[in-house]
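Participant: What follows is each chain in one-letter form.
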Amino acid sequence: MTETPVIQVEDLRKHYGTVRAVDGISFMVTRNATCALLGGNGAGKTTTIAMLLGLLLPTSGQIRILGEEMPRYQQRMLPRMNFSSPYVDLPQRLTVAENLTVYARLYGVRRVRERLTTLGQELDIAAFFQRPYGSLSAGQKTRVVLAKALLNEPEVLLLDEPTASLDPDTADRMRSILTDYQRRSGATLLLASHNMSEVERLCDQVIMLRNGSIVATGAPHELIHRYGRKDMEEVFLDIARGIQSGEVVE
Amino acid sequence: MSGISLHRIGALALRYLYLIRRSWIRIVELAYWPTVQMILWGFITQYLAGHSDLLNQTAGLLLSGVLLWDILFRSQLGLSVVFFEELHARNLAQLFVSPLRPIELILALMSISLVRTLIGVGIAVLLAIPFYGFNLFALGLPLIGFFVTLLFMGWAIGLLVAALVLRHGMGAESIAWAAIFALAPLCGIYYPIATLPTWLQPLSWALPASYVFEGMRAVLLDHTFRQDYLFYALLLNAGYLGLGIQIFLTTVHQARARGSLLQSGE
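In order, the protein sequence lines correspond to chains F and E.
By the working numbering, the letter at position 99 of the first sequence is numbered 99, and the numbering carries on one by one without gaps.
By the working numbering, the letter at position 199 of the second sequence is numbered 1199, and the numbering carries on one by one without gaps.
Be careful, since some hints might not be right.
[Stated by the list, open to error] The following label-pair restraints were derived from C-beta to C-beta distances:
| # | chain 1 | residue 1 | chain 2 | residue 2 | range |
| --- | --- | --- | --- | --- | --- |
| 1 | F | Arg111 | E | Ala1138 | 44 to 52 Å |
| 2 | F | Val19 | E | Gly1171 | 19 to 27 Å |
| 3 | F | Thr59 | E | Ala1218 | 55 to 63 Å |
| 4 | F | Arg201 | E | Ser1174 | 48 to 56 Å |
| 5 | F | Asn211 | E | Phe1181 | 44 to 52 Å |
| 6 | F | Gln62 | E | Ala1178 | 41 to 49 Å |
| 7 | E | Trp1177 | F | Gly218 | 52 to 60 Å |
[As the list claims (entries may be wrong)] Under 8 Å between C-beta atoms, here's a sample of chain E residues computed to sit facing chain F:
| # | residue |
| --- | --- |
| 8 | His1007 |
| 9 | Arg1008 |
| 10 | Leu1012 |
| 11 | Arg1090 |
| 12 | Gln1094 |
| 13 | Pro1099 |
| 14 | Pro1130 |
| 15 | Arg1226 |
| 16 | Leu1262 |
[To be verified] A partial selection of chain F residues facing chain E, derived with a Cβ cut-off under 7 Å:
| # | residue |
| --- | --- |
| 17 | Ala50 |
| 18 | Leu55 |
| 19 | Leu56 |
| 20 | Val102 |
Just so you know, the hints here were simulated from the structure itself, not pulled from any lab data.
Beta carbons: idealized from backbone N, C-alpha and C, even for Gly.
If we strip away everything but chain F, and leave its shape as in the complex, we get (with noise of 0.2 Å):
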């Protein structure tokens, strides 16, 4: 019997006029997996992202998450996921745990109190508590956005670039904590990323993405035995340069 998808995607395309952002990509995602979304500058990762959270609308194609369609029945089905971004912003002057307290309110978090002081302990920011959102440093804002893609312990984590501004220590902790909340909530994750590294940490499935399309998918350790490389910065440069697997580059 195979396994219902969480995450199922056909013939998405998203144009704007006669730019093809998105053209035509279909993927799926099952429970407790982690996937990558691979591609460079404009591949259409972010543009992907948006439209499985609802965020824009596809030009045409299907996205279900968890059986539902989206954005069609997105009210339903956003109580259930979270998205974390170092590129979407909180409101800077209000402080860290009015932030937090505001989502966890949002997204309708029973014990509001108990839930940030866990994460203030898990992602190590409960000492910034107090202060401003915008007071903080680069690194602090995406361990708090973080927090709060997690408020709601969601079924579905979209995560675009987790641990950028991160330095490696503290990088390597956000790893640790996602990869323990996966494996705590049988959660499924999504995520952009041009850390090579955190994917082949993390992933189980990549999805290789350029000018819109889809050029490869597979497990980290398939594509890089496909392409013949050491690793997926290798895998990745060959696909962001248009380089098949199997050809032989001088």
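Given the coordinates of chain F, work out where chain E should sit on it, guided by the hints.
Facilitator: Showing chain E alone in chain F's frame:
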């Protein structure tokens, strides 16, 4: 499909209340212009009262006008400016990927606009009592009708301005401050609508605020409450507010199609 959630509306309203609660400067800022306006028009009234029989009989005519006008202005500004804070904070995408529905965002903006208007105009209204012995509450029960009418009209304009800024970006922000003043000459704040040129009067009667200011003069000068004015004003407001909500929701939908929610704030 889930319905409107008071819990989510309250959560978003809490976000704005946090800002007001923490900063006394914000409260001063809310009350500053209504108070300055009240003081200025209070002195003008005192001066003119000695030279005009009409103002001598009803010294509150100008002050009532200026305070009621501020209800309209503050309610519009309260809605638009709070929405702009989301754009400035680049927080709109976070809100729209949360379970918050666009209609709940509108209702939260309205709630906080009400609070801001009550604080801003309320302080000026209370200060007018010791300053000039003028009590706006002397208008009696009609004041409730005037307040609601002006609040609704302010929200309708505020939503149109918010939609305009969502569509065209923060470059259109200055319209929030200027938009309502284009209507000021037509509303008959300080003079009867009959003062306007005949060709302009139908336009004036298409504005809910005009009925409020005519109604205010009816209370102060004739000691009568024109329920028909209130009825027309509420009828017009139902149309304008419905239109404002619809245009805002359509603009959000178009922003989803264009992808501008991700880039908002720039």
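Participant: Look at each hint and say if it fits the structure.
Facilitator: Hints, one by one, checked against the model:
1. Against the hinted window of 44 to 52 Å, the Cβ-Cβ separation of Arg111 of chain F and Ala1138 of chain E comes to about 50 Å, which satisfies the hint.
2. A hinted range of 19 to 27 Å for the beta carbons of Val19 of chain F and Gly1171 of chain E is consistent with their spacing of about 23 Å.
3. In this structure the supplied range 55 to 63 Å holds for Thr59 of chain F paired with Ala1218 of chain E, their Cβ-Cβ distance being about 57 Å.
4. In this structure, Arg201 of chain F and Ser1174 of chain E meet the distance hint of 48 to 56 Å, their C-beta atoms being roughly 50 Å apart.
5. For Asn211 of chain F paired with Phe1181 of chain E, a C-beta distance near 49 Å keeps the hint of 44 to 52 Å intact.
6. Between Gln62 of chain F and Ala1178 of chain E, the C-beta spacing of about 45 Å keeps the proposed range 41 to 49 Å intact.
7. About 56 Å separates the C-beta atoms of Trp1177 of chain E and Gly218 of chain F, a value consistent with the hinted range of 52 to 60 Å.
8. Look at His1007 of chain E: its Cβ gets to within about 7 Å of chain F, closer than 8 Å, so that hint holds up.
9. Below 8 Å, beta-carbon pairs count as interface contacts, and Arg1008 of chain E has one with chain F at about 5 Å; its hint therefore holds.
10. Nearest Cβ of chain F to the Cβ of Leu1012 of chain E: about 7 Å, under the 8 Å cut. The hint holds.
11. Satisfaction of the interface hint for Arg1090 of chain E is found here, the shortest Cβ-Cβ separation to chain F being roughly 4 Å, below the 8 Å cut-off.
12. Annotation: interface hint on Gln1094 of chain E holds; nearest CB of chain F at approximately 6 Å, less than 8 Å.
13. Interface restraint check for Pro1099 of chain E: the shortest CB-CB distance to chain F comes to about 5 Å, inside 8 Å, so the restraint holds.
14. Checking Pro1130 of chain E against chain F by beta carbon gives a least distance of about 34 Å; that is not within 8 Å, so the hint is violated.
15. Evaluation of the Arg1226 of chain E hint against chain F yields a violated restraint, the C-beta minimum of about 43 Å exceeding 8 Å.
16. The beta carbon of Leu1262 of chain E is positioned within 8 Å of a beta carbon in chain F (closest approach about 6 Å), and the interface hint is therefore held.
17. About 6 Å separates the beta-carbon of Ala50 of chain F from the nearest beta-carbon of chain E, less than 7 Å, and the hint is met.
18. Interface restraint check: Leu55 of chain F against chain E, minimum CB-CB distance 5 Å, threshold 7 Å, status holds.
19. For the restraint placing Leu56 of chain F at the interface with chain E, the shortest Cβ-Cβ distance is roughly 5 Å, inside the 7 Å limit, so the hint holds.
20. The interface hint given for Val102 of chain F is met, as the beta carbon of that residue sits about 4 Å from the closest beta carbon of chain E, less than 7 Å.
Checked against the numbered hints given earlier, the structure breaks hints 14 and 15 and satisfies all the rest.
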